[in-house]
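Whenever a hint applies, use it, and build me the whole structure from the sequences.
Residue numbers (my numbering), protein chains in the order written: chain A, 25 to 244; chain F, 32 to 253.
Don't read these hints as lab results, they were simulated from the structure. Since the model is a prediction, treat every value here as computed from it, not as a measurement. The beta carbon of each residue, even a glycine, is placed where N, CA and C say it ideally should be. Check each hint, because a few of them may be wrong.
Stated by the list, open to error - Listed below are several chain F residues computed to face chain A (Cβ distance under 10 Å; list not exhaustive):
1) 92
2) 102
3) 108
4) 121
5) 125
For reference, the chains in residue letters:
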Amino acid sequence: MSGKPVLHYPNSRGRMESVRWLLAAAGVEFEEKFLEKKEDLQKLQSDGSLLFQQVPMVEIDGMKLVQTRAILNYIAGKYNLYGKDVKERALIDMYVEGMADLYELIMMNVVQPADKKEEHLANALDKATNRYFPVFEKILNHGHDFLVGNKLSRADVSLLETILVVEERKPDALAKFPLLQSFKARISNTPNIKKFLQPGSQRKPPLQEKDIPSLMAIFH
Amino acid sequence: MAEKPKLHYTRGRGKMESIRWLLAAAGVEFEEEFIEKKEDLEKLRNDGSLLFQQVPMVEIDGMKMVQTRAILCYIAGKYNLYGKDLKERAWIDMYVEGTTDLMGMIMALPFQAADVKEKNIALITERATTRYFPVYEKALKDHGQDYLVGNKLSWADIHLLEAILMTEELKSDILSAFPLLQAFKGRMSNVPTIKKFLQPGSQRKPPLDEKSIANVRKIFSF
Numbered sequence: 025m026s027g028k029p030v031l032h033y034p035n036s037r038g039r040m041e042s043v044r045w046l047l048a049a050a051g052v053e054f055e056e057k058f059l060e061k062k063e064d065l066q067k068l069q070s071d072g073s074l075l076f077q078q079v080p081m082v083e084i085d086g087m088k089l090v091q092t093r094a095i096l097n098y099i100a101g102k103y104n105l106y107g108k109d110v111k112e113r114a115l116i117d118m119y120v121e122g123m124a125d126l127y128e129l130i131m132m133n134v135v136q137p138a139d140k141k142e143e144h145l146a147n148a149l150d151k152a153t154n155r156y157f158p159v160f161e162k163i164l165n166h167g168h169d170f171l172v173g174n175k176l177s178r179a180d181v182s183l184l185e186t187i188l189v190v191e192e193r194k195p196d197a198l199a200k201f202p203l204l205q206s207f208k209a210r211i212s213n214t215p216n217i218k219k220f221l222q223p224g225s226q227r228k229p230p231l232q233e234k235d236i237p238s239l240m241a242i243f244h
Numbered sequence: 032m033a034e035k036p037k038l039h040y041t042r043g044r045g046k047m048e049s050i051r052w053l054l055a056a057a058g059v060e061f062e063e064e065f066i067e068k069k070e071d072l073e074k075l076r077n078d079g080s081l082l083f084q085q086v087p088m089v090e091i092d093g094m095k096m097v098q099t100r101a102i103l104c105y106i107a108g109k110y111n112l113y114g115k116d117l118k119e120r121a122w123i124d125m126y127v128e129g130t131t132d133l134m135g136m137i138m139a140l141p142f143q144a145a146d147v148k149e150k151n152i153a154l155i156t157e158r159a160t161t162r163y164f165p166v167y168e169k170a171l172k173d174h175g176q177d178y179l180v181g182n183k184l185s186w187a188d189i190h191l192l193e194a195i196l197m198t199e200e201l202k203s204d205i206l207s208a209f210p211l212l213q214a215f216k217g218r219m220s221n222v223p224t225i226k227k228f229l230q231p232g233s234q235r236k237p238p239l240d241e242k243s244i245a246n247v248r249k250i251f252s253f
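Okay, here's the thing in structure tokens:
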């Protein structure tokens, strides 16, 4: 029994990727048990391991945590990535929830019907450049290295993750945001995150069209 | 100077209702400024009052808070409804996310076409009785206590009561197989602050009617 957290999910980003990012940023080693076929999910369900019959599920500190936000809140709290008081937490929560909305939009693009895909992506990228990124560019005007409390928090990890995901679809997404560009470079160079960004880490690649059928087969 | 929190939203339940419930259960008086037409939303946006151009927005403790979960977490923390430590918080978070998923499905119904709506009502009923309510029934059974977490009223209990009542509006006998949840519902409904909130004339909002649905579509352009 290694005591490392164990992540249960398919071998893809999905809703588990932000958990991988946060653990990696906190410097926490973790193991992964990949769901490859429907039977793997069913086994977890019949074991009673999944509170609401769903993944993500993370075994950590004697608990089988489910619900992405519950998992992220616990990890952030445990590893001091959640601000120093309720007001910092409030800011972090607002920023993280905004980014979760954007991330979800981008993530959902790959499963849109073929005739709606382009329009959906255009809308998501428009939101990124006109609704979300301007907010964080403005916040970084405070001149500190990190979004909240002059200290690395889950908000910074979440922002970097979101920037990279948007850039995969639009490489020049940060063209009008100089402070976000330097933020991206700076946070990418913090040791734990730098390691996570290197090939061979547990970071997962973007979902390919060809992988969608086998993924769907697990859940439907 | 203790100012009352001020809620900015339409006159319906939507994403603001859980916030009304939590404040009411915590015994916190609040004011509401209703968005009645598109111009009201535009004004808030142009004022720079909405971080991501969206509501809910709650003015509280000198902040203009947005994002439903951020607001709920802040209120729960401030009024000691979020457990005593990280592990209790994890349980509360898990339970609340479950009831959020369930209520989210119900909230979407008024905006769906009749055939989609009918299918989803059946799905919601199935999920409520086979996925969600069994979890809370079991939690109460396993520890035998009055509240879901830590033998003390928390956000999880308030949210579950809200979800139960909302689901019962769809199917009045939805709790027939869940005796402990029935007792829980009775008990929670009698908590003085909640009892007050459940009485006519409170700030609790009714389900949307046809006219309001059309207006919401106009305000939010969908």
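Status of the hints after comparison with the structure:
1. 92: holds (8 Å)
2. 102: Because about 8 Å separates residue 102 of chain F from the closest Cβ in chain A, which is inside the 10 Å limit, the hint holds.
3. 108: holds (5 Å)
4. 121: Where the cut-off is 10 Å and the nearest Cβ of chain A is about 5 Å from residue 121 of chain F, the hint holds.
5. 125: holds (4 Å)
The structure fails none of the hints (numbered hints given earlier).
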